[in-house]
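Student: Just need the whole structure built from these sequences, with the hints factored in.
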Amino acid sequence: MKFDLNNPRILALTGVMTALVFALTRPIVPTPIGYTHLGDVAIYFTALAFGPWAGMIAGGVGTALADLLSGGYAHFAPLSLLVHGLQGLVVGLIYRQMKGSGVGLFISLLVGGVIVVGGYFLGEMLVPIWGGPSGAVGEVWFNVVQVLVGSVGGLVYLGVLRAYPRLSQMGE
Amino acid sequence: MITVQRLSYEHPSPFTKDTWDTLFHDLSFMVKSGECLGIVGPNGSGKTTLCLTLAGLAPRLTSGRIQGQIRVFDRDVQVEPVGWAADIIGLVMQDLTGQLFNETVEDEIAWGLGNLGLPAAAMPDRIRNALAAAGLPDGLLKRPVTDLSGGEQKRLAIAAALALQPRVLILDTPTGGLSPLARRILQESLIRLRRETNLTIVLADNDLDLLTAVADQVLFLDDGIIVDSASVYDAVVAKPYISSAASVFSMVVNARSDYSLTCLTTEEAIRQTASIPIVGDCQPPVAAPSPVEAPQVAIEVAHLTYSYDGVNRALEAVDLSIPVGQFVAILGDNGAGKTTFAKHLIGLLRPQEGVVRVMGKDAARLSIGQLAAQVGYVFQNSEDQIFSATLREEIVFGPGNLGFSPDRLNHAVARSLERFGLEALADLPPAAFSFSNRRLAALSSIAAMETPILALDEPTVGLDREKQALVGAWLSEWHKNGGTILLITHEMDFAARYAERVLVFDRGRLIVDACPEAAFSNASALISAGVEKPFSLALAEALECAALAGDLTPEGTACFLLGGLK
Amino acid sequence: MLYRLDPRTRLWLMALIVTLCVVGKEIWFLASLVAAAHLILIVGGVSFRVIFRTWRTLTILLLFILILQPLLLQNIGEVVFRFWRIHMTDVGLLTGLRYALRLTGAAFGVLIPLSTTPIQKLIRGLQKLGLPYNWAVMIGLAVHYAGTIGALHTTLREAQQARGWDLSTGGMIKQARAAVPTLIAVIIASLRMSDSLAIGLASRGYGLGRGRHTRTTLHDISLCPSDYIVLILSTLAAGFCLILVIR
Chain A
822 MKFDLNNPRI
832 LALTGVMTAL
842 VFALTRPIVP
852 TPIGYTHLGD
862 VAIYFTALAF
872 GPWAGMIAGG
882 VGTALADLLS
892 GGYAHFAPLS
902 LLVHGLQGLV
912 VGLIYRQMKG
922 SGVGLFISLL
932 VGGVIVVGGY
942 FLGEMLVPIW
952 GGPSGAVGEV
962 WFNVVQVLVG
972 SVGGLVYLGV
982 LRAYPRLSQM
992 GE
Chain B
3 MITVQRLSYE
13 HPSPFTKDTW
23 DTLFHDLSFM
33 VKSGECLGIV
43 GPNGSGKTTL
53 CLTLAGLAPR
63 LTSGRIQGQI
73 RVFDRDVQVE
83 PVGWAADIIG
93 LVMQDLTGQL
103 FNETVEDEIA
113 WGLGNLGLPA
123 AAMPDRIRNA
133 LAAAGLPDGL
143 LKRPVTDLSG
153 GEQKRLAIAA
163 ALALQPRVLI
173 LDTPTGGLSP
183 LARRILQESL
193 IRLRRETNLT
203 IVLADNDLDL
213 LTAVADQVLF
223 LDDGIIVDSA
233 SVYDAVVAKP
243 YISSAASVFS
253 MVVNARSDYS
263 LTCLTTEEAI
273 RQTASIPIVG
283 DCQPPVAAPS
293 PVEAPQVAIE
303 VAHLTYSYDG
313 VNRALEAVDL
323 SIPVGQFVAI
333 LGDNGAGKTT
343 FAKHLIGLLR
353 PQEGVVRVMG
363 KDAARLSIGQ
373 LAAQVGYVFQ
383 NSEDQIFSAT
393 LREEIVFGPG
403 NLGFSPDRLN
413 HAVARSLERF
423 GLEALADLPP
433 AAFSFSNRRL
443 AALSSIAAME
453 TPILALDEPT
463 VGLDREKQAL
473 VGAWLSEWHK
483 NGGTILLITH
493 EMDFAARYAE
503 RVLVFDRGRL
513 IVDACPEAAF
523 SNASALISAG
533 VEKPFSLALA
543 EALECAALAG
553 DLTPEGTACF
563 LLGGLK
Chain C
18 MLYRLDPRTR
28 LWLMALIVTL
38 CVVGKEIWFL
48 ASLVAAAHLI
58 LIVGGVSFRV
68 IFRTWRTLTI
78 LLLFILILQP
88 LLLQNIGEVV
98 FRFWRIHMTD
108 VGLLTGLRYA
118 LRLTGAAFGV
128 LIPLSTTPIQ
138 KLIRGLQKLG
148 LPYNWAVMIG
158 LAVHYAGTIG
168 ALHTTLREAQ
178 QARGWDLSTG
188 GMIKQARAAV
198 PTLIAVIIAS
208 LRMSDSLAIG
218 LASRGYGLGR
228 GRHTRTTLHD
238 ISLCPSDYIV
248 LILSTLAAGF
258 CLILVIR
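Which chain is which? The protein sequence lines are A, B and C, in order.
Start counting the first sequence at 822; every next residue gets the next number (the numbering used here).
Start counting the second sequence at 3; every next residue gets the next number (the numbering used here).
Start counting the third sequence at 18; every next residue gets the next number (the numbering used here).
By construction, these hints were calculated from the structure, which means they are not laboratory data.
Keep in mind it's a predicted model, so treat the numbers as computed, not measured.
Don't be surprised by glycine CBs; every beta carbon is placed ideally from N, CA and C.
Worth double-checking, as some hints may not be accurate.
Pair by pair, the computed Cβ-Cβ distance ranges are [what the hints assert, rightly or not]:
| no. | chain 1 | residue 1 | chain 2 | residue 2 | range |
| --- | --- | --- | --- | --- | --- |
| 1 | C | K145 | A | G921 | 35 to 45 Å |
| 2 | B | A426 | A | K823 | 31 to 41 Å |
| 3 | B | P146 | C | I77 | 52 to 62 Å |
| 4 | A | L943 | B | K363 | 55 to 65 Å |
Tutor: Given below as structure tokens:
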């Protein structure tokens with residue numbers, strides 16, 4: 822199916838997946854910069870199950886909304902929009918290109934993780950309102966943990982596929 | 003005007019690729035402009051899918067394929083583009099989570115109008131008219147949707163559909179999950195709508211009191227026959243999934259074919275039986291002698307108070323004690339504190355004031371995991387709480403966490419599967435089951451934990467009578483084996499049939515705590531709490547016969563009536 | 018005051034302050050931006066509680082920057098302060114302060130629209146600024162259903178705990194793994210929700226508007242004279258600052 826937000830089915834799916842990312846990007850463990858959460862799990866799931874466009878929108882918009890309404894980290898929203906949007910897009914593209922294989926799953930999770938860690942590092946390094954070099958350096962390790970936690974998304978995707986076979990029909 | 007010709011629907015099997023399951027087959031019917039068609043059928047007969055198909059949304063937004071033709075006011079709904087019918091066919095689904103997604107009541111109604119491109123200046127009038135037509139007061143306009151009660155939300159969804167000024171209104175199970183009080187208010191709204199407008203209505207619901215009051219004709223989806231609503235009774239006698247009144251009278255008629263009763267609604271049943279000369283013994287039966295030794299206490303609650311926001315009390319000073327082996331029904335309107343109470347038993351909520359003791363131990367000192375070994379807790383909407391790849395794994399989850407030995411585990415799982423008739427499905431993914439089977443799967447996964455106490459939050463909502471009876475049989479067996487049961491429900495007949503004690507909550511207070519006969523006779527408390535009398539008791543009162551009230555099961559009632567018919 | 022302005026005006030004020038935070042270098046200038054943002058918020062009628070809460074969230078983050086930044090720049094500038102093998106230089110400390118002020122300025126700048134506008138109104142404002150309608154609907158739905166899914170997630174966690182599932186012990190990764198069954202259940206429920214939402218949207222005419230009608234809204238937003246005054250004055254002031262900074 823063509824990705825067209827005018828189609829109620831695609832609008833509903835994208836909206837709900839964005840909501841899922843937003844809801845799971847709730848702080849579990851606050852860290853000095855930002856917080857640890859399960860949002861990446863939902864981004865990986867969306868990108869793996871529904872492809873790059875849904876992954877991009879849900880990842881970018883979902884995390885940006887979570888930042889905006891977090892009370893304090895709101896101005897990080899544009900950075901999250903870019904980084905997690907790119908994460909969803911690339912994970913979806915790679916997994917689709919590799920025809921949904923196990924290796925594809927592993928590589929896409931890995932690349933997705935690199936994008937998140939690298940993206941936040943570069944963004945904070947280069948744009949002064951996001952904390953500067955100290956922020957960038959300080960946050961790397963938190964983001965590594967974050968990405969490791971998020972890679973549970975691969976397991977979750979396989980779990981949903983097994984438990985809810987209709988997923989494979991829903992497509993994009 | 004709706005004409006349906008030779009309509010069949012198949013959907014892809016959730017378990018095997020490239021096979022199709024037939025949902026309904028070769029349906030033909032017609033609904034004239036301004037008339038109302040009722041649709042009844044057991045779980046899985048395709049009521050929801052038929053509603054969606056008539057609106058032109060299934061199979062295109064769901065999955066499946068159809069044959070046959072549907073014309074609504076001379077347009078073929080399956081050919082027109084999706085969404086075309088928004089201002090011709092209004093649709094209100096059973097599940098409101100997909101229907102209400104705006105902040106305030108007025109935004110909710112305006113949303114659809116915006117899609118039609120209605121100028122903003124014309125909106126307020128339309129919104130007000132729609133609100134009034136659905137039986138909601140003007141004062142709600144600015145209220146957040148989430149503040150409304152379940153019944154009000156249902157009527158808001160109807161208002162949002164009516165605002166688009168459709169010529170057809172399709173309602174899928176509007177009474178689902180509503181308290182008896184909310185059901186009757188909804189019924190009044192629909193009757194008024196029929197009187198005051200020329201709307202064509204399709205009403206899919208198994209509440210026969212509602213259907214006979216609103217519909218002109220009724221379609222039985224399991225066998226495809228249509229009868230006019232006056233003679234629905236003849237058609238339902240053989241069908242076990244219908245109303246309490248019908249099930250009682252079907253027993254009477256089956257036993258005494260010479261006597262013809264053509265009644266159906268509770269009201270009518272009472273009116274007709276009033277003429278029956280009662281010859282039975284009108285003395286209340288002697289109560290069974292109570293056990294001499296004091297029974298062990300399963301749950302003890304003293305002065306329990308809880309508030310979610312620190313201002314409004316969800317529970318206020320609740321005191322009660324439940325002995326081991328008692329079957330307790332908990333009744334009350336939506337938001338009365340029933341769930342809040344039950345959540346204390348498993349430690350999901352901790353008492354802010356007062357004490358909760360479970361099997362003699364202070365619940366505040368036990369973890370949720372420790373309490374889970376004592377109390378099997380079935381949440382509301384348990385059918386949505388499923389995650390395993392096979393039903394067997396799903397059932398193993400609970401007992402596995404409780405550390406059952408392999409032998410006991412296998413035994414518990416096998417027994418649970420058998421109890422709910424799910425053996426054939428054991429190795430299939432439960433999330434793909436039909437609604438009723440998912441509910442049964444959730445119940446079976448709690449049953450396998452073999453806890454001494456069961457707490458169930460509306461386990462029978464949305465189940466037809468046959469499935470309800472299955473749940474009832476499981477609970478009575480559990481009870482017979484010495485288990486303690488706390489059952490939250492809106493199904494009065496179900497409560498009256500199985501429970502030996504009734505608790506009624508009203509705005510956080512426990513206002514009634516008595517045996518069912520006494521509890522349901524407490525008219526003022528029932529009205530205040532939005533609780534209705536069960537059919538058998540209403541009948542007993544109408545006949546002014548206390549003996550009938552001694553046995554509130556349909557069998558008891560039927561037996562008694564048969565005695566009276568001599 | 019702020020509450021009476023159009024969402025677009027509030028967004029513009031935010032954009033000006035954030036831009037100046039990025040462009041500005043001088044400590045005094047950045048500090049006065051932080052002060053200006055506070056002034057706008059307070060005059061605009063935002064409660065002190067909101068401002069205080071934001072400070073509390075930012076505190077750890079700011080301390081982190083103020084301490085770590087000098088450590089990254091130990092070899093540049095005059096050493097002000099020495100402890101064991103750690104040097105703190107004036108350049109390092111001032112750089113840390115600069116980044117901290119920029120972050121603070123931006124954090125309070127975005128508070129101007131966020132703390133005064135319900136999110137759905139903000140989306141309406143963005144729509145007027147060119148966000149396509151279907152994107153606006155999608156974001157609005159995401160905000161709404163995030164609440165629903167959050168509540169569902171809590172219930173599912175509770176339901177699984179009630180089946181004896183222990184979520185509370187172990188390290189972060191172990192906890193994340195323990196969350197898998199809950200996550201699977203919440204995703205399946207979300208997928209069902211999306212199926213029923215698609216029907217809800219279509220039955221109320223979503224997708225109908227293409228070509229046939231233009232969409233309308235009950236409460237439209239519009240710029241009024243006070244908006245224009247604020248827009249002109251703030252832009253002039255920012256332009257003046259920009260010249261000052263660049264010079």
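Student: Please flag the earlier hints that this structure goes against, numbers listed from lowest up.
Tutor: Per hint list: single violation, 3.
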